[in-house]
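Starting from the known structure of chain A, fit chain B onto it as the hints suggest.
For reference, the chains in residue letters:
Protein chains: 2
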Amino acid sequence: MNPNDDRESQQGDAARNEALWQQRFGERSERMRASEIRELLKLLDQPDVISFAGGIPDAALFPQAEIASAYQAILAGPDAGAALQYSVSEGYRPLREWIVRHMRALGVPCGIDNIVITSGSQQALDFIAKLFLMQGDTALVTWPTYLGALQALNPYEPRYDKLPIDSNEPASALAAAVIDRARAAGSRPRLAYLVPDVSNPTGRTLDRAGRERLLDLIDALDIPLIEDAAYQALRFEGTHEPSLLALEIARRGDIEQTRTLYCGTFSKTLVPGLRVGWICAAAPVVSKIVLIKQAGDLHSATINQMVTHRLAESVYAAQVEKACAAYGTRRDAMLDALGRHMPKGVEWTVPEGGMFIWLTLPPHLDATILLAEAVTSERIAYVPGGAFFPDGSGRNTARLSFSSASPARIEEGISRLGRLIAGKIAKAA
Amino acid sequence: MNPNDDRESQQGDAARNEALWQQRFGERSERMRASEIRELLKLLDQPDVISFAGGIPDAALFPQAEIASAYQAILAGPDAGAALQYSVSEGYRPLREWIVRHMRALGVPCGIDNIVITSGSQQALDFIAKLFLMQGDTALVTWPTYLGALQALNPYEPRYDKLPIDSNEPASALAAAVIDRARAAGSRPRLAYLVPDVSNPTGRTLDRAGRERLLDLIDALDIPLIEDAAYQALRFEGTHEPSLLALEIARRGDIEQTRTLYCGTFSKTLVPGLRVGWICAAAPVVSKIVLIKQAGDLHSATINQMVTHRLAESVYAAQVEKACAAYGTRRDAMLDALGRHMPKGVEWTVPEGGMFIWLTLPPHLDATILLAEAVTSERIAYVPGGAFFPDGSGRNTARLSFSSASPARIEEGISRLGRLIAGKIAKAA
Chain A
47 MNPNDDRESQ QGDAARNEAL WQQRFGERSE RMRASEIREL LKLLDQPDVI SFAGGIPDAA
107 LFPQAEIASA YQAILAGPDA GAALQYSVSE GYRPLREWIV RHMRALGVPC GIDNIVITSG
167 SQQALDFIAK LFLMQGDTAL VTWPTYLGAL QALNPYEPRY DKLPIDSNEP ASALAAAVID
227 RARAAGSRPR LAYLVPDVSN PTGRTLDRAG RERLLDLIDA LDIPLIEDAA YQALRFEGTH
287 EPSLLALEIA RRGDIEQTRT LYCGTFSKTL VPGLRVGWIC AAAPVVSKIV LIKQAGDLHS
347 ATINQMVTHR LAESVYAAQV EKACAAYGTR RDAMLDALGR HMPKGVEWTV PEGGMFIWLT
407 LPPHLDATIL LAEAVTSERI AYVPGGAFFP DGSGRNTARL SFSSASPARI EEGISRLGRL
467 IAGKIAKAA
Chain B
47 MNPNDDRESQ QGDAARNEAL WQQRFGERSE RMRASEIREL LKLLDQPDVI SFAGGIPDAA
107 LFPQAEIASA YQAILAGPDA GAALQYSVSE GYRPLREWIV RHMRALGVPC GIDNIVITSG
167 SQQALDFIAK LFLMQGDTAL VTWPTYLGAL QALNPYEPRY DKLPIDSNEP ASALAAAVID
227 RARAAGSRPR LAYLVPDVSN PTGRTLDRAG RERLLDLIDA LDIPLIEDAA YQALRFEGTH
287 EPSLLALEIA RRGDIEQTRT LYCGTFSKTL VPGLRVGWIC AAAPVVSKIV LIKQAGDLHS
347 ATINQMVTHR LAESVYAAQV EKACAAYGTR RDAMLDALGR HMPKGVEWTV PEGGMFIWLT
407 LPPHLDATIL LAEAVTSERI AYVPGGAFFP DGSGRNTARL SFSSASPARI EEGISRLGRL
467 IAGKIAKAA
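Same order as they appear, the protein sequences are chains A and B.
Heads up, the first sequence is in this note's numbering, so the first residue is 47 and it goes up one at a time.
Heads up, the second sequence is in this note's numbering, so the first residue is 47 and it goes up one at a time.
No wet-lab data here; the hints were simulated from the structure.
Do not take every clue at face value.
[To be verified] Per label pair, the in silico range of CB-to-CB distance:
no.	chain 1	residue 1	chain 2	residue 2	range
1	B	Gln57	A	Arg298	43 to 51 Å
2	B	Arg386	A	Asn63	36 to 44 Å
3	A	Ala472	B	Gly123	30 to 38 Å
4	B	Pro216	A	Gln56	46 to 54 Å
5	A	Asn63	B	Gly385	48 to 56 Å
6	B	Arg297	A	Glu64	19 to 27 Å
7	A	Arg77	B	Gly123	39 to 47 Å
All residues carry an ideal CB built from backbone N, CA and C; glycine is no exception.
This is chain A alone, in the form it adopts within the complex (with noise of 0.2 Å):
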């Protein structure tokens, strides 16, 4: 027997172990799927590449300092044990104390009782959809949207529907015919989710007419809208729209009359390492979330939560202030080279803050075919836009971050990518 028989059969014996596998997983594994974004994420150890791929801060703008002062007052000081300890599903208080003034000072008045803690935002999506979605549900959201509230919904098997941000029919009319092909599917609608600030993947912000029809239109269907402000505090210009909460609670006059649930995080204003985010909405909910929190993994490192209670305290609006200033000057980079480098037939947004432009290439180039030559032979890498769209449409799309990358690294691989595109449109011409 050669050396290569032999592989074989220990590459046969796995595909045949996780087909075994595959037997005993529940059926909803089938919606489990890796994603495009993690995988990329590994290209951005090779230096040479030039990644506009994962969304990710730059470490360079982390108050490293303070966070170790942090550390070492808290470890030094009397909740030293309690640091280290078990603590509560809910979170540490005076984190949730600095975020109830937090929310209220961007309009929502609440309470500790509407606050509890979560580990990232991302956990925040995964816990409500835990609550809201049963099996053939469908759940609203914009096209394209997060893959990682894609993935967070995904294992609760939703059915998914278009948010319909950018219709001007009434709200009664729009719920009706939501209602109506959810119906045609067996299924009822049971929530809507997006990202209304300076979003992931697009970059695009709901005017506040946009939002003022969306709560008519939450209002019509009576269900709960998930208002992702993962990006909210990351605006270099323009206005800073009012919360979808806040508007909800201007409506109402009490956040326990609303159905939006706020997910905010640090991981883009502090650091995302520590994994602190919070969900804030109407109590019942908090109290359920608490409940789903305590089953999925008793509560957040809470040595972490002191730590972001501290900088939260202390140089929160410097470090907004740092990245905007930071990401606002590769934005401008970034639009400046896309400029000059892309040819004729390539559209592209202009956000106002976050970290994403949303890049549309003529109908016929595929971009996550693309993506293979554009990291093997330009050394470029970006995120393929059907990864955002629940059915995988807009394959002619991409996500371009420039958080991460210098000005002159920008400059740099948008014109070696803007090269590749202007080849492969000639070549179809």
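Frame of chain A, contents of chain B only:
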């Protein structure tokens, strides 16, 4: 209108609002209920209450200085940026490599692809349930079992049946009975769960013969077996039984051929507040869990994984020794106090390690009813045993934790509990 009317009307509003949300929640939310343990944890804040309730480690044992140094070294070193950045869902590689060596030392030959980091083993249970359990599937658990496991499994809406670990009947007959009962309920066995070593809540260890019989049963049922090894290292005396995963590998020759999913944690040996645990299992299971982790919270806090890795390398063995010595003394104190203060008709387990003693009262006594009096008049707390039974049976049982009170407080607390129970028995006679 007097202030009472006002308060009543507010309570009425809150109740109506909660009922409204109840209709919006998914049906599975009915199985998410508040935990007596966690509610009781709040009592720990009152210094005059002697609590045997929470199964929490003693904060005085935490390697605080080593933890402080580890944070400092990481944040002053070349990995500071990575420590605070987004990271891979599998977990921090050097920590996974340490765990591979640790598992090998436990008789479990495995590789890096068999290890995924979770936020404590509570998250491991949630993720495994998410992977395997569909609505109505049968989960086999001991009667009583770890309350947190029931909480983790409940949202996936299983049916529970008893894991028959005390029967000497042949595995084929036991399996047939389990399958028959499941079929009669329109269900199928989907997984089994137990804490085989000095368990939560009973302190009991499954002996070697019992382990082999259990593996026969799992074999006959062809379902995964969750081995919750949370307390495995905390053995003060007696024989370290091989882990179920080690025994199954010995049978089959290779971890890839096993069905045991080993859940480990640093919560009982190092500290719980960093929230670091792991799953060790066949690679097809681990790779699905990595996807669930990615969708669930992206990854566990990077810096805490790095700190845990440093502690594991430097103080793991010393911490285990320290914990065993301290908890061993307290177990002795509690057994001694039980022997002197408990009236006739009360029985308890004699654990060889862990944190718990399981108390059985005369059948007519209800430990939940007794608890109210224990807390208010005797200022002592424990967990009523009914919480650990899927069907709420075992109402005359209680879990006593000896991990966090001093021997003197244990003596005082057990003497109060003995007096209370003796009074109840005398009254009933």
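Holds or violated: the 43 to 51 Å window for the beta-carbon distance between Gln57 of chain B and Arg298 of chain A?
Violated - the Cβ-Cβ distance for Gln57 of chain B and Arg298 of chain A, about 19 Å, lies outside 43 to 51 Å.
Cβ distance range 30 to 38 Å for Ala472 of chain A and Gly123 of chain B, holds or violated:
Cβ of Ala472 of chain A to Cβ of Gly123 of chain B: about 49 Å, so the range 30 to 38 Å is violated.
With respect to the beta-carbon atoms only, verify the hint that Arg297 of chain B and Glu64 of chain A lie 19 to 27 Å apart.
Since the Cβ atoms of Arg297 of chain B and Glu64 of chain A sit about 21 Å apart, the hinted range of 19 to 27 Å holds.
Could you check the hint for me, namely that Pro216 of chain B and Gln56 of chain A are 46 to 54 Å apart, CB to CB?
Roughly 35 Å apart at Cβ, these two residues miss the hinted range, so it is violated.
May I ask you to test the hint 39 to 47 Å on the CB atoms belonging to Arg77 of chain A and Gly123 of chain B?
holds (40 Å)
That 48 to 56 Å hint for Asn63 of chain A and Gly385 of chain B (C-beta), does it hold up?
holds (52 Å)
CB-CB spacing for Asn63 of chain A and Arg386 of chain B relative to the 36 to 44 Å hint:
violated (56 Å)
Going through the hint list in order, the structure does not satisfy hints 1, 2, 3, 4.
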